[in-house]
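**Q** Listed here are the chains, written in short residue letters.
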Amino acid sequence: MPAVLELRGITKSFPGVRANDGIDLKVEKGEIHALLGENGAGKTTLMNILYGLYKPDAGQIFIQGQEVSIHGPSDAIGHGIGMVHQHFMLIPVMTATENVMLGIEPTRNGIFLDKARVAKRIRQISEQYDLAVDPQAYIGDLPVGSQQRVEIIKVLYREADILILDEPTAVLTPQEVEGLFKVLRSLIAHGKSVIFITHKLKEVMAVADHITVLRGGRVVGTVTPAEATPEKLAAMMVGREVNLVVKKKPAEPKEVVLDVKDLCVLDEHKNMTVDGVSFNVRAGEVLGVAGVQGNGQTELVYALTGLLPLASGEIRIVDEQVHHTSPRKILERGVAHIPEDRQRHGLILSFPVHDNMVLCTYYQAPFAKGVSLQQKVIIENAEKLVKQFDVRTPNVYVPVSTLSGGNQQKVIVAREFSRPIKLLIASQPTRGLDVGSIEYIHGRIIEKRDEGTAVLLVSPELDEIIALSDRIAVMYKGQIVEIVASVEVSREYIGLLMAGVKPAEARKASPTTAKATEVERVF
Amino acid sequence: MDRNTTEMQAAQMPDPKNASKRRGGGGSGGRVFQSLLIPVLSIFTGLVFGAVVIAGTDASVIAAYGNIFRAPGTALVDTWNAIALAYGSLFAGAFGNPTTIIQGIQAYIATGDQKAFLLSIYPFTESLAAITPYILAGLAVAVGFKCGLFNIGAEGQFGIGALCSAFVGYSIKGLPWFIHLPLALLAGAAGGAIWGAIPGYLKAVTGAHEVVNTIMMNYISFSLGDWLLNGPMKAPGYRPVTPVIQDSAMLPRFFPPPLRFNWGFVLALAVAALVYWFLFKTTMGMEIRAVGANPDGARYAGMSVVRNFVLAMTISGALAGLAGATQVLGIDHWVSQNFSAGYGFDSIAIALLGQSHPFGVVLAAGLWGFLRSGATNMQSMAGVPLDVISIIQGLVVIFVAAPAVIRWIYHIRLAHSEAIVLTRGWGK
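Protein sequence lines correspond, in order, to chains U and H. For the first sequence, the residue numbers in the numbering used here are 29 to 551. For the second sequence, the residue numbers in the numbering used here are 28 to 455.
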């Protein structure tokens, strides 16, 4: 029996890059096939070709042994290929039913929308695949996990046999990830095939039947989880041995650097997004703020760095009140900020690398004399930092927008770490980065901690929090549920708190266990 | 037609070559080539379209095409002649006739009589005089663009600057020129600066969009100007004009009348260099550019977005005001009604064509000035209406603003880093 889907020699070039270079891929009926690779390895390009969004330069696509050509998403859907995008394509003010029927609205008498028929079909799909969704619910009211199920239903409603899921776990809590895996298993039990795009090793080991690793636009190899180990997969992805473990000594906390009391912050729409938060961070320790995205972490960081005003409460940095202070004053007190959205906040993309390297210090000596910028000093500084932090760039004059995500992040890290700092606020410092860059940035953060910097780490990646933090604060709906020492708790326990379970109940459900200080990094 | 051929060569520059330059890491030569490519092709394409319009509206050409099957050669020759005559006289109007200039120089050497020489360079000097306010007003809009602001108010700031400098120019008497002239220039810049700072301040404090407010400030300045010219600033007599400024406030001219070419042109070039230094070599310029390119990033880096909005609009207004001042102090020597005559609006086109870079603005202002001053000659010599020049200018700006059209025509691939955001949309 022919494979459900076979790609042969798919090649696609963009100016200056060969994104896909002779890729062969075979997906069998009823399997979960993971596509593993770093950013820029060509996963997304390959799937966009399969979904008809790009035209390949060369190569063939076979479905059930028949060669097909796919000119657009509607062709792909016609061939039974469905895609669940990383960023959901749902309209929040519409119900699940309305979202599912969008684009192929069935009608009664040719005029009236037949929502009842769609809702009935949704219920059938829900039951068959274990995809619990209320067809009448408005998308905006649903948690992210349910929204994802609506996306999957949307694809199944269009009779897809091959489902492509692009980084589906990025936005989910650990419990929701488990739920998703259950759904995937039930899908393949019913004869569907799933292509699962990810860069997280743990997940592919847990759920995939076959793992195809891409690197630099080529297939490195296809393995089964049984014959692979995380170390081996990481080495295949990166092309060299990778240190999967964050090595760190126990922290030696000293004086309090950041002290936050009863902090309340309103977002742009005047919603209370940070609601009475108190904590402190000491020199020489990492406090990790765990939580599913959108629980107030972003606003907390904005308030600490002066980008959002406080509604009430108190922030002290090295014993000085800094609320109602400008971002510059806070920077000058020795605060470094790795922002969560590096392209929106961290960089001026159209500026050259050298200007971005002095973005927070350009007005100070030696980079400026009076109002006159000292171009030579700025360029020498950038050249030094590029070497020191191993930023891959042809030179320091190119716009920073031309660098890869990992190297853009290195520019920010280089800039923030190169000035004297007492407090490092790192918000999702490895978001969207590849294994090699994650390893590097984690190492640098621990290095800063050991130098005596206080580190506040905010990340929705629980594994990152556990790997780096000495203490962990869990945020849920704008409040800190609990602050615990990281050696005292299990991953599951934190996961439950992130999902809104009260500490007492969580303790019952998942007894705390001591864990080693060396934690496996997860990708 | 020389200009056309050089531009044609630029247009035919093979595309892979510049792609490889780009990959080579953006050497400065490659970058300059990249940023000139689209404007140059836009100008060329505009002139081609203009040629079509010229040929298509020429009576003899139309008649010749009526006989195309009997005499196809005639139609082509007539077409060529019509275009060559139009663009030839445009060129002569802008730069002067090379033969006459040489004859003028020979006459001067032979007899010591300047008259023929001065007459022969008259078109060229008039072009340079016309370019002066275009440079300054174009710089004004460019500074706004660099900060992400769309200053539509250059027209009003130009007018206010002109009125202020004229007032200082005629009302203060008995000052030596080295005090009076700078004072009059400064008054113009200050008037424009205030006119620009008001919408800048409103944007910074209330978030009111600068496009709306600068347009409103234009209306206010037009009406204010009308009132002043018919009342407080009116010269004796029945015409609504200001008195003539004192000699001590005039920008000195290089040649005797009727040549109006004056030091304003040198001033404009110096200001362009100053703006370049300010934008690219100072901390304040870096802040303005950072705010323009990414206000969120600028705020993160500790820059004050609102302060830079006000600063950029003030500088922008000052430059537009200075443009008005040079026009009054160097060319007209008084202010009459409808004085600004579209300089403020042309300056938007010039800033776009010059890609908001001070040197680009100087080049674009040059093109504008030469086209404008050549157009009159084209109308009288070739009978081609002035409006053709407006059509060409309009097309050039459209092509520059929609570079995808140019890329499509010439099959140019998009360079990765090329996207230049001039202003942000309405919401943000």
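Wrong hints could be hidden among the right ones.
[Claimed, not checked] With beta-carbon atoms standing in for the labels, derived distance ranges:
| # | chain 1 | residue 1 | chain 2 | residue 2 | range |
| --- | --- | --- | --- | --- | --- |
| 1 | U | E259 | H | R334 | 34 to 44 angstroms |
| 2 | U | E411 | H | Q141 | 53 to 63 angstroms |
| 3 | U | V399 | H | Q130 | 50 to 60 angstroms |
[What the hints assert, rightly or not] Stretch-level coverage of chain U by chain H, calculated; a stretch enters the list once three of its residues show a Cβ under 8 angstroms from a Cβ in chain H:
| # | stretch |
| --- | --- |
| 4 | 300-307 |
| 5 | 495-503 |
| 6 | 509-523 |
Since the hints were made in silico from the structure, they are not lab data. Predicted model, so just to flag it, every value in this text is computed and none were measured. Glycine included, C-beta positions come from ideal geometry on N, C-alpha and C.
**Q** Hint by hint, say whether it matches the structure.
**A** Going through the hints against the structure:
1. Separation of E259(U) from R334(H) is about 53 angstroms and departs from the stated range, judged on CB atoms against 34 to 44 angstroms.
2. With their beta carbons about 57 angstroms apart, E411(U) and Q141(H) fall inside the hinted range of 53 to 63 angstroms.
3. Distance hint for V399(U) and Q130(H): a CB-CB separation of about 52 angstroms, consistent with the stated range 50 to 60 angstroms.
4. With 0 residues bearing a CB less than 8 angstroms from a CB of chain H, the stretch 300-307 of chain U misses the requirement of three and the coverage assertion fails.
5. As drawn, the stretch 495-503 of chain U meets chain H at 0 residues by the rule of a beta-carbon pair under 8 angstroms; below three, the given contact is violated.
6. With 0 residues carrying a beta carbon less than 8 angstroms from a beta carbon of chain H, the stretch 509-523 of chain U misses the three-residue requirement, and the given coverage is violated.
In this structure, the earlier hints numbered 1, 4, 5, 6 are contradicted, and the remaining ones agree with it.
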